[in-house]
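A.B. asks: Given the sequences, and given the hints that come with them, work out the whole structure.
Number of protein chains: 2
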Amino acid sequence: MNEAKIREKALELVERSNIAFLGTIGSDGGPEIKAVQVADREGMSAVWISTNTSSEHVGQLERDPRACLYFVQYDREPWAGLLLRGRVEIRRDPEARERLWEEGCEKYYPEGVYDPDYTVLRLIAERGKFWQFGTKVGFDLP
Amino acid sequence: MNEAKIREKALELVERSNIAFLGTIGSDGGPEIKAVQVADREGMSAVWISTNTSSEHVGQLERDPRACLYFVQYDREPWAGLLLRGRVEIRRDPEARERLWEEGCEKYYPEGVYDPDYTVLRLIAERGKFWQFGTKVGFDLP
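Chains as they are written, first to last, in my numbering: chain A, 1 to 142; chain B, 1001 to 1142.
It should be emphasised that the hints constitute simulated quantities derived from the structure, not laboratory data. Since the structure is predicted, the reported quantities are computational estimates derived from the model, not experimental observations. Virtual Cβ for every residue (Gly too), placed ideally from N, Cα, C. Watch out, some of these pointers could steer you wrong.
Cut-off 27 Å, straight-line C-alpha distance, at most; resulting in silico cross-link-like pairs (BS3-like, lysine-lysine) [stated by the list, open to error]:
| hint | chain 1 | residue 1 | chain 2 | residue 2 |
| --- | --- | --- | --- | --- |
| 1 | B | K1005 | B | K1136 |
| 2 | B | K1136 | A | K107 |
| 3 | B | K1107 | A | K136 |
Output of the computed footprint for chain A on chain B, the stretches with three or more beta carbons under 8 Å from beta carbons of chain A [what the hints assert, rightly or not]:
| hint | segment |
| --- | --- |
| 4 | 1021-1028 |
| 5 | 1032-1041 |
| 6 | 1055-1068 |
| 7 | 1079-1091 |
C.D. replies: This is how it looks when you write it as structure tokens:
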């Protein structure tokens, strides 16, 4: 597959994934992983996640914004995996809050769109790695 | 749930997971993730993976052995996630090679159990974090 075809397949995987795995650097410098819901995408160049301000990975990202998101399809053939590496912007501005807010969010954030426990994360991807058929192809982003 | 019950559920998740997500520290210090096949387990205190010596995460683990494995069940209720954090031993000794070797491995390692591209990873877990029903419980290991 040429790079254009790889990017197309990687983008498809990002677009159809509701769940991804967020990698962060823990307080001792070791890696940590947590499953997150993908709330919005800007192609492959940025991915938006809403989360609790009080959650551990927000504190980790405040200390070190380097992060990655891993997307995977292993429930159907062909198996595919995509790693997006970059940095996370921690957003609490009205534009970001409103961008991801939808009906039902008040179940998690009872004070509404300005609930202090509501935080938006935006991973800005710098590099992608796509695995399929036992091979890996890396590419720069955006 | 008390800690004994949490540990029991976490162990069940490790035992029935064939796939897990390996977190490592990349060459620039940022986190990386890759899906791996779980080859063997020692309860929750150690997890065995076979991999290619030439694969990128082996080089990363040679530089920095701090790693994690994330196990997840999101295809059925109740959703559950488990993070095991610790250090990876890179093993190329006969005992480790033979422990994970099985019929069909020669497809990946044509030179057999002593193929130089065959490497065994053993994550020694120091700490677990289990998520279920929106709450997280941490515990020390083993």
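A.B. asks: Given the hint that K1107(B) pairs with K136(A), test it: the Cα-Cα distance must not exceed 27 Å.
C.D. replies: OK: K1107(B) and K136(A) at ~18 Å, within 27 Å.
A.B. asks: Apply the coverage criterion to the segment 1079-1091 of chain B and chain A: a residue qualifies when its Cβ sits closer than 8 Å to a Cβ of the chain, and three qualifying residues are needed.
C.D. replies: holds (count 3)
A.B. asks: Has the segment 1055-1068 of chain B got at least three residues whose CB is nearer than 8 Å to a CB belonging to chain A?
C.D. replies: holds (count 4)
A.B. asks: K1136(B) and K107(A) were given as a pair; does the straight-line alpha-carbon distance stay at or below 27 Å?
C.D. replies: The given pair, whose Cα atoms are some 18 Å apart, holds under the 27 Å limit.
A.B. asks: How does the segment 1021-1028 of chain B fare against chain A when you require at least three residues with a CB closer than 8 Å, holds or violated?
C.D. replies: Holds, because 6 residues of the segment 1021-1028 of chain B bring their Cβ atoms closer than 8 Å to Cβ atoms of chain A.
A.B. asks: For the segment 1032-1041 of chain B, do at least 3 residues have a Cβ located nearer than 8 Å to some Cβ of chain A?
C.D. replies: holds (count 4)
A.B. asks: Regarding the pair K1005(B) and K1136(B), is the alpha-carbon distance no greater than 27 Å?
C.D. replies: holds (13 Å)
The earlier numbered hints are all upheld by this structure, with none contradicted.
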